[in-house]
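Protein sequences, first through last, are from chains S and C.
So the first sequence is numbered by our numbering: it starts at 1 and just counts up by one.
So the second sequence is numbered by our numbering: it starts at 1 and just counts up by one.
Treat the hints with care, as some may be off.
Identical copies look the same in the list; a pair holds intra-copy or inter-copy alike.
[Unchecked claim] Heads up, simulated SDA-like pairs for lysine to any residue below, C-alpha to C-alpha not over 25 Å straight-line:
hint, residue 1, residue 2
1, Lys73, Arg29
2, Lys73, Asp116
3, Lys123, His95
4, Lys55, Asp40
5, Lys73, Leu120
6, Lys122, Ile32
7, Lys55, Glu141
8, Lys55, Asp88
9, Lys122, Gly75
10, Lys44, Pro108
11, Lys73, Val109
12, Lys44, Pro145
13, Lys54, Ser155
14, Lys44, Tyr86
15, Lys44, Ser87
16, Lys73, Leu37
17, Lys123, Arg96
18, Lys106, Arg62
Treat the hints as calculated values from the structure; they're not laboratory data.
Number of protein chains: 2
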Amino acid sequence: MNAFTILLTGYSGSGKTTIAQALKREFIRRNIPVELLDGDIVRKDLTADLGFSKKDRLSNARRIGFLASLLSKHGVNVIIAMIAPYSDCREIIRHRVSNYREIYVKCPVTVCEKRDVKGLYKKARCGEILHFTGINDPFEEPVCPDVTCETDQESIYTSVARIWGNLDILSDIREASPFSAMYREP
Amino acid sequence: MNAFTILLTGYSGSGKTTIAQALKREFIRRNIPVELLDGDIVRKDLTADLGFSKKDRLSNARRIGFLASLLSKHGVNVIIAMIAPYSDCREIIRHRVSNYREIYVKCPVTVCEKRDVKGLYKKARCGEILHFTGINDPFEEPVCPDVTCETDQESIYTSVARIWGNLDILSDIREASPFSAMYREP
């Protein structure tokens, strides 16, 4: 068993979920077991009691790390899409699993705020949301991410291909199938 | 995929963990994926914030149910050993998974208290532990468990064999290998 735990970390609106879903499809297309743990969704089931203070974010990372460790132990590759703004959040997950990849989904917060897909930046600017990363809460940039995806400068195809390439180099799941044409640029 | 989620419910000291570990070995011996979620252990990683009030016990069941649903979805059989004293706790788990088995690990609380492996009954009697099932907190007996193991009257071998038998009847994991001699009575 050599399952990966792939953490996509970055601001809200940076493109974590979009990349995570495309990456998940690559696993499924190859019949490789995969589970996507999306911060927003997991919060409903596993961490509904937690807010966004540093303490709560660390608890969140601890629970998701535990979940990832159980799944990956059974050969299920895990993709985690969560802001994970503190280096400590990421370290908690890194230390829980055996085959960790850190993907920095990098996008200037000004661009994320312009996208504002969920209308959260607007709420944060109005003071309706406390501890909103990039507005009134810090984001500690990953120091040595395995891959950095600059989503304001590269396509989803490029991001997913680069993450996949990083897995292939070091894994035993390399196989003949070429990278999916699904995301190939026209 | 037809993975089971097997909940062992009963008083502290009734024998849930002992049966769960023996049952786990039966899966492992047959190379069938299995994970044991022991209430006491899971509390450290997943539910450290929770106490033993009814509200907290329900939250605990919700998180463990979520975990079980993810694992079983990927073909991992899940054994849960937890007191789960309220019918609501058990229903939360039942509704989360597709192939649920409820095992009532039945033992008079007086016998459990005599065993008192972890010294918890003594503490509860001294008032050091609140919400202790059987002493100062209720236990709602399962109404229609799939198997009832009366651990003050039957051996572990018998309990495990009966649980295994219940799985075999309805599952696609029936196979030629006879039941392990490991637990066969002398």
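Evaluated hints:
no., hint, result
1, Lys73 <-> Arg29, "both (22 Å within a copy, 18 Å between copies)"
2, Lys73 <-> Asp116, "neither (36 Å within a copy, 33 Å between copies)"
3, Lys123 <-> His95, "neither (34 Å within a copy, 35 Å between copies)"
4, Lys55 <-> Asp40, "both (17 Å within a copy, 23 Å between copies)"
5, Lys73 <-> Leu120, "neither (35 Å within a copy, 32 Å between copies)"
6, Lys122 <-> Ile32, "neither (39 Å within a copy, 50 Å between copies)"
7, Lys55 <-> Glu141, "within (19 Å within a copy, 38 Å between copies)"
8, Lys55 <-> Asp88, "within (10 Å within a copy, 30 Å between copies)"
9, Lys122 <-> Gly75, "neither (41 Å within a copy, 42 Å between copies)"
10, Lys44 <-> Pro108, "neither (28 Å within a copy, 38 Å between copies)"
11, Lys73 <-> Val109, "neither (35 Å within a copy, 37 Å between copies)"
12, Lys44 <-> Pro145, "neither (28 Å within a copy, 29 Å between copies)"
13, Lys54 <-> Ser155, "neither (32 Å within a copy, 49 Å between copies)"
14, Lys44 <-> Tyr86, "both (21 Å within a copy, 22 Å between copies)"
15, Lys44 <-> Ser87, "both (24 Å within a copy, 22 Å between copies)"
16, Lys73 <-> Leu37, "both (16 Å within a copy, 14 Å between copies)"
17, Lys123 <-> Arg96, "neither (34 Å within a copy, 33 Å between copies)"
18, Lys106 <-> Arg62, "within (23 Å within a copy, 34 Å between copies)"
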